[in-house]
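A.B. asks: In order, the protein sequence lines correspond to chains F and V.
When we follow the UniProt record's numbering, the leftmost residue of the first sequence carries the number 1, and every step to the right adds one.
When we follow the UniProt record's numbering, the leftmost residue of the second sequence carries the number 1, and every step to the right adds one.
Fair warning: there could be bad hints in the mix.
Heads up, the list lumps identical chains together, so a pair's fine if it works in one copy or across two of them.
Here are the simulated lysine to any residue pairs, SDA-like style, with alpha carbons at most 25 Å apart [stated by the list, open to error]: (1) K45 to T192; (2) K256 to V267; (3) K279 to G318; (4) K256 to L286; (5) K281 to E244; (6) K256 to E285; (7) K319 to E212; (8) K248 to V284; (9) K248 to P283; (10) K76 to G90.
Derived by calculation from the structure, the hints in this document are not laboratory data.
Protein chains: 2
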Amino acid sequence: MSAPTPTPTTRAAGAAAPPPTAASASAPAPNPTNCKVILANNIAKRLHGEVQDGLAALGRKPHLVGFLANKDPAAKMYADWTGKTCVENGFDFTLQQLERESLEEAIRAANRDAAVDGIIVYYPVFNPSRDRTIQYIVDQRKDVEGLSPYLINNMYQNIRFLDPPANVQKSILPCTPLAIIKILEYLQIYNTILAYGNRLHGRRITVINRSEVVGRPLAALLANDGAEVYSVDVTGVQRFSRGEGIRKQQHAVEDKDGWTLADCLAVSDVVISGVPGDKYKVPVELVRDGAVCINFSSEKNFTPQIKEKASIYVPAIGKVTIMILLRNLLRLVQNQPGTGGSSDACAAPEASS
Amino acid sequence: MSAPTPTPTTRAAGAAAPPPTAASASAPAPNPTNCKVILANNIAKRLHGEVQDGLAALGRKPHLVGFLANKDPAAKMYADWTGKTCVENGFDFTLQQLERESLEEAIRAANRDAAVDGIIVYYPVFNPSRDRTIQYIVDQRKDVEGLSPYLINNMYQNIRFLDPPANVQKSILPCTPLAIIKILEYLQIYNTILAYGNRLHGRRITVINRSEVVGRPLAALLANDGAEVYSVDVTGVQRFSRGEGIRKQQHAVEDKDGWTLADCLAVSDVVISGVPGDKYKVPVELVRDGAVCINFSSEKNFTPQIKEKASIYVPAIGKVTIMILLRNLLRLVQNQPGTGGSSDACAAPEASS
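So that you can see chain F by itself, here it is in the shape it has in the complex (with noise of 0.2 Å):
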């Protein structure tokens, strides 16, 4: 029996892609292609809803405090999108402007003050070392940011809990490394098959960008969650790893003396880009076809053809990266003590945070 089938050649031309041209690695695509484009808008919504769900448990509205201690325009604009992002979810705000040598005394006295449940730094204030120190200033029961000295320490060996053994109060995450792994968890990159904290065995992810805020505390993450992840800054390339089957319970680090960012690329099934600065591009023909990319750069790192090679691009997380900020908060309202100490009603189903 035979039927009617089109030829190879006619169901080719039906597709929704031309043959790739010459032409088109240079111009944008004028036809759609196989790229699912996810915007953040639509992973913040879930997000949005836990968010919600864990503040009207709680019955009173946190109150966060920013302090704004630069001139720099971005953190004036930064500091008053989290007022209305604030606002808009039921949070309370408040921005402190001040001079930048005011800033240690009146951290002080918000972490003495009962009325606020969490604190914000508009960085930079001074210079990276001196910042630092003033991180470690915010008391880690007010860090929304999750960048005190023992939360960065919990996270780096991956210790989930505030407190052993009974493990209801979940240490907090950085904001933007967290926003990153909740997209991943949205991408179905973490595979729930898996046991909790094993869900990325088996991927290979390559972080562009090495930072103390973002970089390095993302590739540690992705790692302690079972993924072989590839750092790459300009001093070279380290690989961050539990090891073969995973074994170790924490990760480790190990210098890939004379790997370039194309040895990376090449075996990476997610590329994770957070260059600042409006020059970088990751190079798109050593991307791997199918590849899963995002960007956490506020300029684009990649270039609109990265939608011809890759499966997924996520082109911003802006949106993702706040209603962390908001979740952290709550979180840190919930482990409060008199609160119940339990951070349930925020729990998050799946991966690390």
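Use these hints to put chain V onto chain F, whose structure you have.
C.D. replies: For chain V alone, coordinates are given in the frame of chain F:
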């Protein structure tokens, strides 16, 4: 603020698995690993519910006829198992044992018999070439195995429906390849974030076995769903792929001259092996850490050591295959004129089925 955090050394000692030793490579692992072993039974349960729902909507027992024209005890055992599973699940089954020279006429009679909904022939009967012509005799409207030329042709060309442009009658796919696809869906290797038909984009899959009944159709199905597939047998390696950005509507096949199994395994997230005979073993040391490994041979193609490396291991698939057989039978009945012509009652939410 400091906290009593255990040192990396004590944490590693508290983990389940010991560091790998020379001994652990040859002896069975005494300690649990991070590999998730998934038994076919768990996957079959989901299909079972779907088949029962379809059957309830149908309101009558579909009737499968099996033809056993050889003296192979394994074939007899499989026939008995088919019968038992049919009866247990609310289907009628008749086994016709006959001389092989009467087989063709018996199949033609069953083709004409309105009381027969589905036909299965237990192979081998003669030799591969003559058995092929027997497959051609089975009426495609009663072919539960999906081996008729028209159905096979649909499969290779990525044509998923029997009645374009209405597209309500799904084409019948061969049982074992479809069982493996259902397993990959269950294991979340299909990413439902991606568009239907593209959900394996970015996956590299090695299929060891290129038989006409399982290995080659499986490679084609996986590539049609967006995967890059390395098909391996004793004659060499072929790549089945829809190309960069999966722009082609259906897969193309390319000989990978000079490639060996080692090259394929080095880049593969998923390894599917179905080599007959108890001599063949997939070399564990060449499998990527965290790979998903599936055995569809009746013999064990993987040694127990695979669990020290794989993230997921499925040791056998028979119980899923037989549930697919019943699902195909149900679909044949649903596709009969007067039954509504729609396979909606048995529609799968995902993938190529």
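A.B. asks: Among the hints numbered above, which are violated by the structure, and what are their numbers in rising order?
C.D. replies: none
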